[in-house]
Structures are given as structure tokens and as C-alpha cells.
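A.B. asks: Now for the letters of each chain:
2 protein chains.
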Amino acid sequence: MPVGTLASVKGVPQETLEELGVQILLSNTYHLYLRPGTEQVRLLGGLHNFMSWPHAILTDSGGYQVFSLSELRKVSEEGVRFRSHLDGSSHFLTPEGAMAAQIALGADIVMAFDECTEYPADRQRTRESLELTLRWARRSKKYFEEHRHEVPWGSQHSALSIQPDEALGDPNETPALFGIVQGGMESDLRQESAQRTVEISFPGYAIGGLSVGEPRVLTEDIVAATLPHLPPDRPRYLMGVGTPEEIVQYARMGIDMMDCVLPTRAARHGLLFTSEGKISIKNARYAADNGPPDPACGCKVCARYSRAYLRHLYASHEVLAMVLNTIHNLAHYLDTMRAVRHSIKLGEWASSFSGVRSAPKP
Amino acid sequence: MPVGTLASVKGVPQETLEELGVQILLSNTYHLYLRPGTEQVRLLGGLHNFMSWPHAILTDSGGYQVFSLSELRKVSEEGVRFRSHLDGSSHFLTPEGAMAAQIALGADIVMAFDECTEYPADRQRTRESLELTLRWARRSKKYFEEHRHEVPWGSQHSALSIQPDEALGDPNETPALFGIVQGGMESDLRQESAQRTVEISFPGYAIGGLSVGEPRVLTEDIVAATLPHLPPDRPRYLMGVGTPEEIVQYARMGIDMMDCVLPTRAARHGLLFTSEGKISIKNARYAADNGPPDPACGCKVCARYSRAYLRHLYASHEVLAMVLNTIHNLAHYLDTMRAVRHSIKLGEWASSFSGVRSAPKP
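If you read the sequences in order, they're chains H and S. Letter 289 of the first sequence, counting from 1, is numbered 291 in our numbering, and no numbers are missing. Letter 65 of the second sequence, counting from 1, is numbered 67 in our numbering, and no numbers are missing.
Any given hint could turn out to be false.
A pair holds if it fits inside one copy or across any two, identical chains being indistinguishable in the list.
[Claimed, not checked] Here are the simulated lysine to aspartate or glutamate pairs, EDC-like style, with alpha carbons at most 20 Å apart:
| hint | residue 1 | residue 2 |
| --- | --- | --- |
| 1 | Lys284 | Asp190 |
| 2 | Lys284 | Asp89 |
| 3 | Lys347 | Glu194 |
| 4 | Lys302 | Glu278 |
| 5 | Lys284 | Glu133 |
| 6 | Lys143 | Glu17 |
| 7 | Lys347 | Asp89 |
| 8 | Lys302 | Glu21 |
| 9 | Lys302 | Glu17 |
| 10 | Lys280 | Glu79 |
| 11 | Lys144 | Glu133 |
| 12 | Lys302 | Asp124 |
| 13 | Lys280 | Asp337 |
| 14 | Lys143 | Glu133 |
| 15 | Lys280 | Glu247 |
| 16 | Lys284 | Glu147 |
| 17 | Lys76 | Glu148 |
No lab work stands behind these hints, which were simulated from the structure alone. Note that the coordinates shown come from a computational prediction; the quantities given were computed from them, not determined experimentally.
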């Protein structure tokens, strides 16, 4: 899922995202809550209408950004008090408030409000955080069930009247609320968090609190320890990963969904993901290189522009550098996931006689 | 002509320019001379190949930017010594050097090297500047005629091998060198400059040294005083104008070509040109406005996005604000010029029995 923090994948028009085959975007509740405000977006017909994106949208709960961006945050049983990173204004976010915000945004997938346990954290702190996330998950679900039909896209305020055309299954199941597993870097606590989150019952589950600074081998261990305790017939979403190699690896392990700012953020810093590995387009060696950014890529950037041109745009601080680099990196990620899906289908076909769902072997 | 200073119309991919119907771009020799270097562009197959733009390109001579941007410039009979605004390095630009640079860039229309007379300037200074520009025009033409066939697009260095597909008429006439009329704000000196430039003989003529801070009524007076002395069967190009109302007015007076950074630069500052006049999209009044930027515009921005969304993007410093605003403003300018051309054709049709070429009356 490409990240469109403030209702925009930085520099890329929605029609270009459609050309790339983007099926679902992630947007950040914390950022939209501060600017332009979730109530404002609701009055404008929800995110689908506001940003003219008739396809699926997942919103995070705001919790992660509160923990990573805001100042002077204070966590209590009730919720989190924090100051905006923009203007220092004081806000109080609760599980109920996070649900109301995401329903106002009109997300197709709403994330439960969780506490992202910091890294490193000791065992007692990890357990307390896990318990708080579970209590908040129950409160999230209760509020969500009572208010889920208050979606904004029937709003009379909407002039454009865009409605999501790719509701995930039965309209009665949209929006869907996903639970989030925490438990820090402790395998047994992850197992417990997963089991107790599944007991609450959600149509999908996320693994949160990873990719927060820990070594990658630890991330993999925790994912491996958690996955067996999440139902295989529900989407399993690993938050905040990763490199192209990592997303293939996690998909092999059984992860269905991932989001990451890496392809878009790296693009803005001149880093391109290609079939031959990462290249830093700002490098002087590309100044006279008339070849495409990635000879094996079929995206419209690689079809039209040279490394020399992209290097010139970057070195000259031209905005088009960000635009074209981002389009290419998204194409690379989406191609990677298309290849993963293709492999899974081949694997399912190969094992269809036994009727067992199977992911391709590494 | 949209302005693509550094071989890029800021924030807009070339394929989008093609969708908008852009037929010709202006690029700035001074900027490309400094970065990435005109010789570098030549080795990469010229601007057409470098920026993947198979349509027409006009390059300015570099003179205007030397006068407006560089530091410590010193004009002599031979040329201009100046320091780069980027790194303070010293350079010397002559009529011959400006021709060599533009031929290396592979421009379809090359501009003679001129001195842009500052405003205000007294009569003696204006005459001296005019005489220098005439001597430089003769040197420009001499060098150009001897080297015009050294275009870069047959270069073996080119991997992509893009060649201009819209050469302006006979390939033997591309590139074409245009002369530039100077003469400050003195009507009789403008007349003299025009007549003596026409005596040198060029396939097209530009009126330079206007839109440099003088009142608009003076600009119009000088254009009106100059035009009768330029042959009506050659393109007449007014440099550096203007607003949508101004370009219509100048076209009515008989101007065939114009360039201006206004649509693109204004877009980056949140100013949109619409059928209802200018609007500043950053204004809070648009925060809840679900209508299109311009209800009368058929561009892809107006077809898809709301004022509220564009306002949010601008207020949130999102790069997409610049991208979408620029696309809309270019569409508005191109639509304006399409309407002008349509009016001219109607006028020609109406007067076809008399065989007189006629521009529509105000």
C-alpha cells in the first residue's frame, strides 16, 4: 500500500496512481486530524470524495504518529493527550475518538487504536502496553460497531459524489475494523497478544510495533512467532515494512498486506529501486548515462526518461525529480507484489488437488 | 510557450505537456549552460533527446538571464563577462558562444545574442545598447549560418535517438535563428532597431527588452510602434508576456508567439487563472468548496479535483499542489491561445474574398 499521508502520495496525481494499478492507499489519521481536520473531510464527503480516489483506503489509528511525532504526550487509561507537532495545540485522542475520526474520513479499513510499544522496552513495560492495547481494542470495536454506518459518502454536502467502487466485499462489511497485535520483541507476549486479539474477533489483523529500530532478524523472528496465531482466512497486515526484498520475504511467510513510506520517501532523496538493486540517481556517474533508470522496468518513467535526465533534475532541485522518481519506485514495488501474487496463484494451482492453501516456498 | 527553464516545466512530466497540447517549449540557455552544461546536453543527443521532448523547442540566447541573474557582469564589444549565480564561477558569453550553445542544445528556434536594455535608460544609453545588439545580431547570424548544421540529434552518443518530429517547416530551415528588436521605450529607436534588424534578415523576429518593469500601457505603445516595421509573413514574438488578458491583446495586435513564466510561477504560489479571473487557492474561503477550480475548464485537474482539495494541498505544502496548479494554469493559457487561433481563422475566412490577412477586431 503506497502511503498518502495527507491525502496525497507526494507529487503523484491520483490518475497516475490508477495507471500504476494502485488498488489501495494508506492515509494517516493523525495528520488529517490536524490538517484539514477529520470533520472537515467528512463534510466534504469523506476521503474518497475529498481526494478523488474511488478505490480502497486504509487509515491508521493515529496512535503511531502520536507516539512518533507529537510532543509532550501523556498516556492514560482513557487515551493520549498530546501536542500537535505543527502548532503545539493540545489534543486528546481516545479509542472512541480514533474510530470517530476514521469513520468521518470514510476509510474502507479502519485500524483499532493501539499503543505502539517503544523499542527497546522491558518485559513488564511490554506487558502493560499489550494489556492497554487489548482494552483499547475492545473499546475501539464497541464504538466502531455502534457507529460504522455513519460513513460520509452519502453526505448531501458532496458535490462530486464519488463513492468507493472497490468496497472490500459486502457493503455491509465496509468499513472493516482491523485489530492490532502488540507485544514488543517477546515471542510469548506476541503469541498471547495475537490470541487475545483474535478472541475479540476482527475481520483482519495487523502486526504493529515492528520496524521501530530493531534488527531485521528480530523483526522476522517476531513475525514468524505471531503469524501461526492469526487466522489464515483473514487478511494479515504487517505495518511499516519494508524494502523490496523484505516485502517478498514477509509475503512468503504469509503476510497479505504491507505499507511503507520507503518507496516514496527514498524517491524524494534520489534513491531508485531497480531490478539491479538500489541506485542513487544523484551520483555523478549517471550524468552521461542515456540508459533508462531500470532496463527491466516497464513503467512510463523507464520508457521515456534517461538516468542522465533524472540525475540532472535531482541535481538541479527540479520538482519533476521527485515526481518521476516516485512514480518509478511505486511501479517497482507494485510489480514486486504482482509477481508475489502470481507466485501464490501458481502455488495454489499446483496444490489444488489437496485443497490446501499454500504460499510459495522460499 | 510554457517555460521549461532547466529542461523541465517545473513539476509536470512531458507526457502531461503532450496531453495538454503543448507544441513548443522555451528553455533557458543560461541555466542549461551552467547546469548540466550545453556540451553535456549535446553529447546526450541535444535537448530533444535529453528531456525526451520530440516537439519544438525555442532557446533564449542567455543574454536576458545574464543581465537579470548573474553577478559582476561586464559588457564589452566582444561579449559579457559574468559570474554564475550558482557558484560564483566566471564565464564569458559572446554572440558566437551563445549560438554554439543553442546549436549544441539542438533548439529548433535559436535567438540572436542581444543586450536587454535596462529600464529606465536614457536616450543615449538606449541608442548605444541598440547599436551593440545590431552588431551582435550580425555576428550571431554569421556564426549561426556557418554552424547551423552541427545539430546534435544525429549523435552516436544518443541511445534513445529522439528526433524532433515537429520541425518548423523544411528541415533545411531548422534550426531557425530569430533576430531581436531592442530600443528601450523610445518609439523612434524601436522603429530604427526593427528596420535595421529586418535588413540583416531573419526568418522570425522577437521584440525584446519589454516587460522589464515599465507600465503596461507603455509596453503596448512600444509593441504598437514596432509591429508595423516587422514583416507580417514572418513570426513575430513578444518576449516575456503576460497575463491571459495581455496575451489576447497582443495576439490581436499581431503578435504570433509569446512566452511567460507567469502561468507556471503563479501556480507554485497558489494563484489559479480561471474563466472567472484569478483566484488564490490558498484562501480559507475555498477550504469547504467542493466545486472544481474553474467550472468552465475542461482540463484534467478541473475534471477530477475540488478547490477544497487543492487548497488543502497548498496549505499542507504538498508537492501535488504545485503539480496540479501548474497543469491547470497551462491548460488555461493553452485554451486561451487556442481560442485566439480559432478567432484568427474565422477572421481569415470572413475576409478570404478580399485576400487580406486579418486579425479579429477587439
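A.B. asks: The structure should be examined with respect to each hint, and the outcome stated for every one.
C.D. replies: Tested hints:
| no. | hint | verdict |
| --- | --- | --- |
| 1 | Lys284 with Asp190 | neither (45 Å within a copy, 52 Å between copies) |
| 2 | Lys284 with Asp89 | between (34 Å within a copy, 19 Å between copies) |
| 3 | Lys347 with Glu194 | neither (32 Å within a copy, 78 Å between copies) |
| 4 | Lys302 with Glu278 | within (18 Å within a copy, 35 Å between copies) |
| 5 | Lys284 with Glu133 | neither (47 Å within a copy, 45 Å between copies) |
| 6 | Lys143 with Glu17 | neither (34 Å within a copy, 46 Å between copies) |
| 7 | Lys347 with Asp89 | neither (49 Å within a copy, 56 Å between copies) |
| 8 | Lys302 with Glu21 | both (10 Å within a copy, 14 Å between copies) |
| 9 | Lys302 with Glu17 | both (13 Å within a copy, 9 Å between copies) |
| 10 | Lys280 with Glu79 | neither (44 Å within a copy, 51 Å between copies) |
| 11 | Lys144 with Glu133 | within (17 Å within a copy, 84 Å between copies) |
| 12 | Lys302 with Asp124 | neither (48 Å within a copy, 54 Å between copies) |
| 13 | Lys280 with Asp337 | within (15 Å within a copy, 42 Å between copies) |
| 14 | Lys143 with Glu133 | within (15 Å within a copy, 82 Å between copies) |
| 15 | Lys280 with Glu247 | within (11 Å within a copy, 49 Å between copies) |
| 16 | Lys284 with Glu147 | neither (50 Å within a copy, 38 Å between copies) |
| 17 | Lys76 with Glu148 | neither (28 Å within a copy, 76 Å between copies) |
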